[in-house]
Amino acid sequence: MTPADPAQPVIDVTGITKRFDGKTVVNAIDLTVHRGEIYGFLGPNGSGKTTFIRMLCGLLTPDAGTGTCLGYDVRTQQAEIKRQVGYMTQRFSYYEDLTIRENLDFIARIYAVPDRRDAVGRSLRRLGLEQRSHQLAGQLSGGWKQRLALAACLIHSPQLLLLDEPTAGVDPKARREFWDEIHGLAAEGLTVLITTHYMDEAERCHRLAYLAYGSLLARGTLAEVLASARLSTWIVAGPGLRELAATLRARDGVEQVVAFGNTLHVSGRDAARLEAVIAAVRDPGHEWTRARAGLEDVFISLMGSAKDNFS
Amino acid sequence: MHRFTFHRFWAIVLKEFIQMKRDRLTFAMMVGIPLMQLMLFGFAINSDPKHLPTAIRSADQGPMARALVAALKQTDYFTLVRETASEAEAARLLELGDVQFVINLPADFSRRLLRGERPTVLIEADATDPAASGPALAAARAIAASVLDRELTGPLARLRSKAGPVNFAVHAHYNPENITQYNVVPGLMGVVLTMTMVVITALAITRERERGTMENLLATPVRPFEVMTGKILPYIAVGYIQLTLILLAARLVFGVPMVGSLALVYAVSLVFIAANLAMGITFSTLARNQLQAVQMAFFFFLPSILLSGFMFPFRGMPEWAQALGSCLPNTHFLRIVRGILLKGSGVAEIMPEMWPLLLFLAVAMTVGVKRYRQTLD
Chain A
1 MTPADPAQPV IDVTGITKRF DGKTVVNAID LTVHRGEIYG FLGPNGSGKT TFIRMLCGLL
61 TPDAGTGTCL GYDVRTQQAE IKRQVGYMTQ RFSYYEDLTI RENLDFIARI YAVPDRRDAV
121 GRSLRRLGLE QRSHQLAGQL SGGWKQRLAL AACLIHSPQL LLLDEPTAGV DPKARREFWD
181 EIHGLAAEGL TVLITTHYMD EAERCHRLAY LAYGSLLARG TLAEVLASAR LSTWIVAGPG
241 LRELAATLRA RDGVEQVVAF GNTLHVSGRD AARLEAVIAA VRDPGHEWTR ARAGLEDVFI
301 SLMGSAKDNF S
Chain B
1 MHRFTFHRFW AIVLKEFIQM KRDRLTFAMM VGIPLMQLML FGFAINSDPK HLPTAIRSAD
61 QGPMARALVA ALKQTDYFTL VRETASEAEA ARLLELGDVQ FVINLPADFS RRLLRGERPT
121 VLIEADATDP AASGPALAAA RAIAASVLDR ELTGPLARLR SKAGPVNFAV HAHYNPENIT
181 QYNVVPGLMG VVLTMTMVVI TALAITRERE RGTMENLLAT PVRPFEVMTG KILPYIAVGY
241 IQLTLILLAA RLVFGVPMVG SLALVYAVSL VFIAANLAMG ITFSTLARNQ LQAVQMAFFF
301 FLPSILLSGF MFPFRGMPEW AQALGSCLPN THFLRIVRGI LLKGSGVAEI MPEMWPLLLF
361 LAVAMTVGVK RYRQTLD
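Residue numbers (the numbering used here), protein chains in the order written: chain A, 1 to 311; chain B, 1 to 377.
These are calculated hints, taken from the structure and not from any lab test. The structure presented is a predicted model; accordingly, all values stated were derived computationally and were not measured. Some hints could be false.
[As the list claims (entries may be wrong)] Within a straight-line C-alpha distance of at most 16 angstroms, the following computed EDC-like cross-link-like pairs (lysine to aspartate or glutamate) qualify:
#1 B:Lys-73 <-> B:Glu-83
#2 A:Lys-145 <-> A:Glu-130
#3 A:Lys-23 <-> A:Asp-63
#4 A:Lys-82 <-> B:Asp-98
#5 B:Lys-21 <-> A:Asp-97
#6 B:Lys-21 <-> A:Glu-96
#7 A:Lys-145 <-> A:Asp-97
#8 A:Lys-145 <-> A:Asp-118
#9 A:Lys-173 <-> A:Glu-130
[What the hints assert, rightly or not] Sample of chain B residues facing chain A (criterion: CB under 7 angstroms; computed from the structure):
#10 His-7
#11 Glu-16
#12 Ile-18
#13 Gln-19
#14 Met-20
#15 Arg-22
#16 Thr-26
#17 Asn-216
#18 Ala-219
For every residue, glycine included, the Cβ atom is placed at its ideal position computed from N, Cα and C.
Can you make the complete structure from the sequences, with help from the hints?
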């Protein structure tokens with residue numbers, strides 16, 4: 001039931017490609033994920049994150065590329081992969097007309113979980129769903145639905161958890177609890193691949209990958225991703241920021257001008273050109289400070305550069 | 001590794017039963033529809049139709065004959081559309097369904113009447129729809145007695161008799177029994193099962209897709225065949241409940257005779273129910289949403305009710321319609337059930353109608369499983 005060698009990567013794929021009607025949705029992605037890692041997948045909507053995850057868990061067959069998931073071939077051993085992967089879909093996809101317990105029981109039966117009753121009971125306790133076990137899933141709020149979905153993905157003790165935007169539409173407190181749970185599971189040796197749009201969540205991952213237009217644009221630890229973008233960022237404070245922003249956007253060498261409260265974040269990939277622009281517009285009324293580029297700035301910059309390459 | 005496993009199949013079965021239990025309205029409909037249709041088709045349709053097209057073939061132009069014809073015209077039941085002298089033409093009119101009745105008056109009608117010989121009036125009826133002819137024939141008898149009694153006055157009064165002056169011979173073509181319910185109620189089994197089984201299962205997979213639960217189901221190790229059979233089994237149970245309701249009503253309310261083996265009816269029904277369920281599931285793999293699935297189910301249901309021989313006599317339909325009807329499982333099921341219940345057919349007699357049912361089941365199931373597989377990629 002366990003992969004042959006614990007030291008072996010849980011996910012190890014190269015050149016994974018998927019096309020729909022001639023359109024390349026996932027373009028030659030290489031990815032290695034190790035046991036116990038929380039791997040964050042980021043990228044704009046429609047960037048191929050969901051398609052990539054579906055290929056990992058055996059829902060879709062890649063058009064090109066090879067690799068293994070849990071030691072099984074992603075092209076030919078989909079049935080084996082399905083048995084040991086917990087997949088949480090983007091949209092709540094358990095039965096709304098079944099109670100929490102019935103849903104868990106159904107999944108446990110499908111996976112032929114040994115000592116089903118105990119397993120369902122443990123799972124309810126672990127996620128604090130005991131009191132609500134007879135409530136219909138359709139009547140639950142977003143946060144509780146998410147807990148149920150997580151409980152259901154875990155009931156067959158998978159080796160790998162694939163979570164597709166699990167925290168979309170969930171309040172900050174429930175999100176934090178969810179992440180604590182994920183970190184607890186990873187500490188026990190579970191590997192987690194998670195997609196998200198939230199930057200604070202991205203920062204809680206061990207490693208990150210940024211996907212846009214089907215291609216992997218950056219990957220590594222948070223520090224590595226930030227460094228790889230080589231993005232210079234300045235923060236400017238002072239009066240007339242709207243006019244200043246318009247002036248800056250018109251200049252070459254300025255890629256992003258984003259308003260954050262009473263400041264503007266101004267970024268560009270070419271540090272020298274950016275500084276030249278700033279020197280030209282600088283006046284005593286505004287205070288300019290050099291800042292560390294944020295993850296969001298980096299991603300938006302990556303997306304912009306990707307668009308240049310693909311259009 | 002890739003074999004059918006009971007625990008996964010059973011998980012689907014239990015889930016479907018729970019969902020069925022939760023969806024009270026649908027469940028009520030599954031029980032309510034057979035009862036409602038029984039009442040509608042069993043009672044309401046057996047009305048008292050009037051103005052039925054009638055041809056007169058009278059070889060006698062005597063006063064008594066004319067009086068009788070005039071009186072028949074006076075009733076609301078007969079509308080004279082043709083008078084003919086030719087026996088062949090009369091037969092053809094009946095066969096084409098241009099007329100419901102041909103009333104034959106013999107050449108010596110008046111003469112024999114006056115002699116007190118109780119001449120015979122032959123009424124040929126198209127009795128495929130017995131509900132249509134019954135009341136009209138009864139009216140004809142009553143009218144003849146009263147009209148002729150009026151004509152037979154004075155010295156002729158002695159010709160009035162308790163038995164009536166005229167002997168009516170009714171020749172019921174196509175359905176000598178003349179009992180609508182005998183025909184309709186067993187036929188209802190096929191109609192009710194087709195309607196509910198196809199509609200309910202047509203929703204089974206589309207619902208999963210529409211609610212997003214399909215993706216989850218596909219991500220589990222469950223196999224297409226396990227899903228299909230797991231979804232079919234609970235509805236076979238529902239089908240048998242419907243079947244039992246109709247059989248009970250047929251026996252207790254409508255007094256339909258059950259000459260043949262009920263066990264055989266139940267056995268054959270398994271194939272028929274499964275065929276309809278497989279059809280419904282095939283629809284649900286084709287439909288994009290639940291509305292489309294229901295529309296497809298009705299697209300299938302309408303010919304099943306119109307071309308199967310339930311609503312209209314099968315042999316009365318043009319050949320292309322008969323060919324179409326022969327592709328429908330309901331057509332064969334109707335013949336089997338009517339055969340078993342009314343004629344006491346056994347296994348040997350129903351075999352010619354059995355294999356098309358089995359063939360239909362096999363094709364629908366194969367297409368369904370194939371289509372389900374395709375939804376993976």
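Exercise. When the hints from earlier in the document are held up against this structure, which numbers fail?
Worked result: 4, 8, 9, 11, 14 and 16
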